[in-house]
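Protein chains in written order, with my numbering: chain A, 53 to 414; chain B, 53 to 414; chain C, 53 to 414; chain D, 53 to 414.
Source of the hints: derived by calculation from the structure; they are not laboratory data.
The model shown is predicted, which means the values in this text are computed figures rather than measured ones.
Hints may contain errors.
Because identical chains cannot be distinguished in the list, a pair is counted as satisfied if it fits within a single copy or across any two copies.
Claimed, not checked - Here are the computed lysine to any residue pairs in the SDA-like style, where the Cα-Cα straight-line distance is at most 25 Å: (1) Lys137 with Leu375; (2) Lys198 with Glu403; (3) Lys266 with Asn305; (4) Lys137 with Tyr84; (5) Lys106 with Ile122; (6) Lys133 with Gly64; (7) Lys106 with Met53; (8) Lys277 with Asp102; (9) Lys103 with Asn154; (10) Lys368 with Glu159; (11) Lys393 with Tyr201; (12) Lys181 with Ile54; (13) Lys277 with Arg147; (14) Lys277 with His83; (15) Lys103 with Arg113; (16) Lys393 with Asn379; (17) Lys325 with Glu139; (18) Lys325 with Gly129; (19) Lys368 with Ile260; (20) Lys325 with Phe105; (21) Lys180 with Ile268; (22) Lys368 with Asp265.
There are 4 protein chains.
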Amino acid sequence: MIKRIGILTGGGDCPGLNAVIRASVKSALFHYNWEVYGIVDGFDGLIQPDKIFKMDANSIRGILPKGGTILGTSNRGNPFKYPVKEEGRIVVKDRSDEILKNILKLELDGLIVIGGDGSLNIAFQLYKKGANIVGVPKTIDNDLAKTDYTFGFYTAVNTATDAIDKLHTTAESHHRIIIVEVMGRDTGWIALNSGIAGGADIILIPEIPFDVDKIINKINERNSKGSHFSIIVIAEGAFEKGKDKTYLEKAKNEGTLPRYGGISNYLAMVLSKKTEMEIRTTILGHIQRGGTPTAFDRILASRFGVEVCDLIARKKFGYMVALSGNNIVSIPIEESISQQKFVDPYGQLIETARKLQISMGD
Amino acid sequence: MIKRIGILTGGGDCPGLNAVIRASVKSALFHYNWEVYGIVDGFDGLIQPDKIFKMDANSIRGILPKGGTILGTSNRGNPFKYPVKEEGRIVVKDRSDEILKNILKLELDGLIVIGGDGSLNIAFQLYKKGANIVGVPKTIDNDLAKTDYTFGFYTAVNTATDAIDKLHTTAESHHRIIIVEVMGRDTGWIALNSGIAGGADIILIPEIPFDVDKIINKINERNSKGSHFSIIVIAEGAFEKGKDKTYLEKAKNEGTLPRYGGISNYLAMVLSKKTEMEIRTTILGHIQRGGTPTAFDRILASRFGVEVCDLIARKKFGYMVALSGNNIVSIPIEESISQQKFVDPYGQLIETARKLQISMGD
Amino acid sequence: MIKRIGILTGGGDCPGLNAVIRASVKSALFHYNWEVYGIVDGFDGLIQPDKIFKMDANSIRGILPKGGTILGTSNRGNPFKYPVKEEGRIVVKDRSDEILKNILKLELDGLIVIGGDGSLNIAFQLYKKGANIVGVPKTIDNDLAKTDYTFGFYTAVNTATDAIDKLHTTAESHHRIIIVEVMGRDTGWIALNSGIAGGADIILIPEIPFDVDKIINKINERNSKGSHFSIIVIAEGAFEKGKDKTYLEKAKNEGTLPRYGGISNYLAMVLSKKTEMEIRTTILGHIQRGGTPTAFDRILASRFGVEVCDLIARKKFGYMVALSGNNIVSIPIEESISQQKFVDPYGQLIETARKLQISMGD
Amino acid sequence: MIKRIGILTGGGDCPGLNAVIRASVKSALFHYNWEVYGIVDGFDGLIQPDKIFKMDANSIRGILPKGGTILGTSNRGNPFKYPVKEEGRIVVKDRSDEILKNILKLELDGLIVIGGDGSLNIAFQLYKKGANIVGVPKTIDNDLAKTDYTFGFYTAVNTATDAIDKLHTTAESHHRIIIVEVMGRDTGWIALNSGIAGGADIILIPEIPFDVDKIINKINERNSKGSHFSIIVIAEGAFEKGKDKTYLEKAKNEGTLPRYGGISNYLAMVLSKKTEMEIRTTILGHIQRGGTPTAFDRILASRFGVEVCDLIARKKFGYMVALSGNNIVSIPIEESISQQKFVDPYGQLIETARKLQISMGD
C-alpha cells in the first residue's frame, strides 16, 4: 500500500510546473491521505537529500498562477553521468545507486518525476533499476512524442504571439522587416503556432529547409502589393537543425557567423545584403519559459498532476500521463522518450499556413 | 466550378470570428482565386442585400487580433420566423425564399455560415431548401456537439480565470467569500474550466444540482483549516437550468428573486443568511465575449476558416468543420445541431476537480 | 534612536500594498538596520497582538508583483469605536489605549500605517495620543487630498479600460448599448479616466448630475451618424452621490429600485424605457482592487515605502508621504484627511472629455 | 481664422500615437469645425503630397487602443538635409521650401507635428521659416526636456516590467543570472523604472558608469545570503554612452566586441569570465515600441491631442504641449529641443533604488 511519495521537477523552466505540483500534492494529501516529500533541485536532491521537506497545504498555497517551480531543478545534470571534481579535474560518475538508496531510506513508495526528454530518460533508467517512478511530460517545445500537448507550450505560444502583435503595428507604420526569434532548437512548433496566431508573413522552422532568395521573393511580392513590411518568425534551430545547412556552413567558412546573440541577427545580416528595407530583430529568450500559465496550461497541468497520483495508486510504475484528445491517458515512459515529435512538413497545419499565404521559406 | 462565395456571421459575439473571416477570405481569394462577398449583419444581410460588399485584401487587414466581427451579426433573428411590422403589430413571416433568391441573384456558388446552434440550424434548413451552405461552429460556451472545442471558448475561460486571479488576493487578504458569475446558461464548461484554472473552492454548474448547505459546509471546513476565504464560481444557468430548481422556485414564491442583475446576487443573499462572512460578487458579463483571442483560439479559428473553404471546393455542402483531437474534420451540420454537449457529472474533468478538493456544491 | 518599527495595512484592498510593505521592510532592515515587526490584520493586530511577527528578507520574497497584502487588514473596524459583544449585544468601546500599551510593550519606535481615509484618521488620533505614527496614503479611488496620485488607482483604471476595450467590439458588431459599472462611491476618478482611456461615449460621475434624456439624445445622435452602439461608463455612486437624486428618489418611491446588484442594472432599466436598442451591463466589482500592480503603481508604492522610513528616521511623526509632481514629499496626516479630492466639473480633464465628444450626461 | 489643419507623425514608433491623432481629429472636426488633412509618412508627405487625405470620423474609428500610427512616419529623414540620388550618388538637399509651398497650396492654417527630438527640431526650423506649426512631444525614452512625461514611456516600462516578471521565476528556480536589455541609448529612464518595478537586483544606465567587479560583488553577496540568482536590467546605451567607456574600448581593441546583437550579449561574455553561474540574455527590442498603450498613456496622449488643437485656436505657433504635474501646459518648442532630460545620479529615484538594495553597478 502507498503511504508516502516524493515529487521532483527536472530540466528547463516551463509555465505550469507549480500547477502540476499543487495538483499532485492536493490529490496525494487530501484524496489519498499519503505523505508527500518535496525533493529540491531535481535528481540532485536525491543524491544530496539534505533539502528534502515534508509538504503540506501551506507548501502549495498561492502557487497555481506562478511561473517557475517551487521545488527548483537540477544544476548538475544526469546522475548516471554525474560530474565530480577529483584531483582538480572534472570526472563523470554513476551516482544512480545513491538515488535508489535514498528512495529506500526515505521510504518513498512512489516518486513523481516532472520533466522533459532528459529527465524522463533518467526516470526510465531508474525505474529499470527498481525505483517506483511515474512521469509527467514537460516541455515548452511540444516535441515530446505520445502526448497531444504538454503544458507550458501554449503559454509560450501566447507570449510569442503577444510579441508579434506588438511588433506588427511598428512594422506596418514604419515599413520594416521584423524578425522574431522564438524557442525551438529541434522543432518548429512554437514558431509555426505563434506565426499563424500572430499573422506572420514568413515562418522558418528546422523541419523545412529554407532558401533566402525565396524569403526575399516573398518580401518583394508583398511590397509590390502595397504591404511595405514583413514579419518573419524564426525558430532558434532553423539554421542549425535545418536539413540544409548551406548558409550556416558558408557563414562559418566565411567567418561571418556571430559569436554571441541569436541566430536572428545572422538572418538579418544575410537579408540585409539582398534588400534595402530596414530590419529589426527581437530575441524573446527565456520570457517564453516564464509568466503565469494560460488557463489551458493550468488545466492540463492540474489534470496531469491529479492523474499521475492515480498511476501511483494503481502501481503503474514506469508509466507517464499524456493527453490524447480530451482524455488524460497513461503510456509507458519508454515509448515517449524513444522518439521526438516533429512538425510534419506535409501535414494539415503546414498546409493551413500555406493557404494563409504564409511562406515557409521554401 | 466555384467562382464566387459569400460569408456571414450570426449570433452572439465570440473572440475569433474575425480570425475565421480572415482565413476564409485569404484562402478563397489567394489560394482558390474565388471572388468573396461579405454579407453584413448575418442572415438579415441576405434578406436586405444592400450592404453586401466585395472583399479584398484590404477588407481583412489587421483584423486577426481583433474581437467582434467586421461583418456584424443579425439583429432580427430567424428568417424562417422573421418579425415584421404589419398594421402596427409584429407578426412572424417565413422570408427564407428571399434568401435563396438573393443567393442566386448574387451568383454565390457557396455560402460560409459562421454561427452557433441557432445560426447553424437556420443554415441547415436553408441547405435543405437548396442553398450551398457550409458551416463553422461558433460558441464561447463550448456546448456544440461533435467538435472537441470551438474557438472563443478558451479566450472566455482565460478572461474568467484572470478575473478569479485578481479576486483571489483580495479574498485572502480580506477574509471574504467572493462569487464570480460566468457565462453558461445551459452548460458549465466555462465555470468548470475557469474554476479549475483559477483555483476556485466551489464551482456551481447547471449539470450538477447544488445544495446551499453543502456550500456552507465547504466554507466552514476551509475556515476551520485556517483558510478564511472562499472563491465560488457560478455559471449563470446554475440555478435555472440546474436539475433541482428548489431555490429558484422558492425565491419566486417568496418574491425574493432579484428583478435585475445576475443570479450571483441571489446566491449572495441566500448565503448571507447562513454565514457571517462578508460576501462580494462580480458579474463578468460580456467581457467574456470580447478581447483579443488567445493563440489557441486564433489558430483554431484560422484552421476552421481555411478548411471550410476546402469543403466548398470539394462541394461538401451541408457539412461543417470541427476539431477532433489535433485534426480539423468535417461532419454533417445536422449531427451537431441535434444535440448539446454537457459536462459529464461523472467524467474525468469533474473527478479531477473533486480530487483537487473543489466542491461542486453537491 | 530608532531600533524597531512596526508596519500594518488597513482598509479595502488596493494593488501595490505588498510593494509598499516590501520597500519599507527592505529599507528598514538593510538601509537603516532596524528591526521590523509585521502587524497582522490592521489595527486589530495591535489590540490582539498574538499574530505579530518579526520580518526578514524571506517575509517579503516574491511579493512585489502580487495583489492583496501579506499583512491582512482589519475586519472589525475602528479601535476608538470597537464593536464588542456584551451580554449578547454588540456595544462599542474605545480600545485605543490597548493599542498604545501594545506599541510600548513591543518597544516600537515607529509605526507605519498604510491606509485610506479611515485608517489615516485612526492613525492621526493615535498619533495625537502619543503614538509615533507615519502614514502611507492608499485608495484605488484617488480621492485622497494632498497627493497627486495614490498607488493602485492606475491599476484599477487599467483593469476598467481593459474591460471597456473588450466590450467595444461586441457593442459595435452587435449594435448594443453596454453599461460598465466601475468603482467610485463619492468621486468619478476611475470612471472618468477609464472612460477617456477606453473611448467611452458617455461617462456618468457623482460630481456631475446627469439627465437620462441627455443620455438618450447622445445615443440617438450617434445612431443618426451611423454608430449604432454606445458605451456608458458609470461610477457606482453616480446616482446616490450625484447632486441630483431625482431618479433614485423616484425609484425608491415607485419601488423599482433593485434590491441586489449594481446601480448599472437600474440605469439599464431606466434607459430601456426610452430606447429600443439592446442593453447589456457589466459590473466589474472587486477585480478593480486586485491583480498585479502596473509599473506606475509599483514604482509609486516602492517610493512611498522607502520614503516613509525616512520620515521615521527624521522623526516626522504625524506625517504621511505624498506625490507632488515627480517628487515624494511629506505632509501632515491631518491635512489630507480633512478633505476629499473631487473631480472638478469645470477642470481641464472634463473639458478634454467634452472636446473628445464624450457626453457627461448633462 | 483657422479653417483647415494638417497632422503628421515623425520618428520611431511609440504607443499612443494613434490616441493623439484621434483626439486631435475629434477636437478639430467636432469641437472646432475645422477640416483636417492627414499627412502620410511624416515630413516626406509634405514633400511628395500625393498621399495626403481628408480625415473624417471614419478615419479614426477603432484606433484608440492600437499601437503604431495610421499616418505612417518618414523613411528618408530630415527635409533640410534630404537624401537625393543624383548621377548614381546620394547627395543631400534642402527641400524645406517645398514643404512651405505645399502647406500654402493645401491652405493649411495650422500643422500638428507629433514627434521626438528630431522631428521637433525640424518643426522648429520650419516654424522659423513661417510655417504655423504646433508640436506634441513623443518619445518612449522619456528624455525630452520640459515635460514631466511623454506618452508611450509607461507602456514601454510596463512591457519591460512584464518581461522581468516572467524571467524572475526562471532565474529563481534555475539559479541563473538573467540580463534584460531595454531601450535607452542616451538615458536610463526605462531601465531604472522597469528595474524598480520588476524588482531587479542590478540596474545599469548610461548616466552612472559601472564597474563589472561591483556587479560580481553584488551577485556574490546575493549568493551568500541564499539568493542564488540575479536579475540585471541594462539600458542599451549603458556601455557606449556611459561616461566610462573602458570596457567598450578594451573590447574594440581586443576584437571581442560582438558584431551583431545587443550589448547584453557582450555583458554576458564579460561576466561569464568572473562567475560560474549560468547566464541568459533577453533583448526586448521593438516590442517596447508596440502594443496597446496603458490607460495612463492613452489619457496623456488624448489630452495632448486635444490641447494641441487649442494651441492652434489660440495661434500659439512654435509652441508644444507638455505635462507639468497634473496639467497640460504649453512651452516654446525651442526650449524643449535645446536639452535632453537625464536621470539625476543623485536624485530621489536613484536614492530610492539604492535603499531598495538595487546595485547601480558603481
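Please work out whether the CA atoms of Lys325 and Gly129 approach to 25 Å or closer within one copy, between two copies, in both situations, or in neither?
between (42 Å within a copy, 22 Å between copies)
Should Lys325 paired with Phe105 be assigned to within, between, both, or neither, using CA atoms and 25 Å as the limit?
neither (58 Å within a copy, 35 Å between copies)
For the identical chains here, do Lys180 and Ile268 meet the 25 Å Cα criterion within one copy, between copies, both, or neither?
neither (52 Å within a copy, 44 Å between copies)
For Lys137 and Tyr84, with the copy left unspecified, which applies at a CA distance of at most 25 Å: within, between, both, or neither?
Result: close neither inside a copy nor across copies, 42 Å intra and 42 Å inter.
Have a look at Lys266 and Asn305 and pick one of within, between, both or neither, based on CA distance no larger than 25 Å.
within (23 Å within a copy, 39 Å between copies)
Measure nothing new, just compare the shortest in-copy and cross-copy C-alpha distances for Lys393 and Tyr201 to 25 Å and report within, between, both or neither.
both (10 Å within a copy, 23 Å between copies)
Using 25 Å as the alpha-carbon threshold, which applies to Lys133 and Gly64: within, between, both, or neither?
within (18 Å within a copy, 52 Å between copies)
When no copy is named, should Lys198 and Glu403 be tagged within, between, both, or neither for a Cα gap of at most 25 Å?
both (22 Å within a copy, 23 Å between copies)
Status of Met53 relative to Lys106 across identical chains (alpha carbons, at most 25 Å):
within (19 Å within a copy, 43 Å between copies)
Between copies, within a copy, both or neither: which fits Lys181 and Ile54 at Cα up to 25 Å?
within (19 Å within a copy, 61 Å between copies)
From the Cα coordinates, with 25 Å as the cut-off, is the pair Lys325 and Glu139 best called within, between, both, or neither?
Answer is between: at 22 Å across copies they meet the 25 Å cutoff, but 52 Å inside does not.
Within, between, both or neither: how does the pair Lys103, Asn154 come out at a Cα-Cα threshold of 25 Å?
within (13 Å within a copy, 38 Å between copies)
Going through the hint list in order, the structure does not satisfy hints 1, 4, 13, 19, 20, 21, 22.
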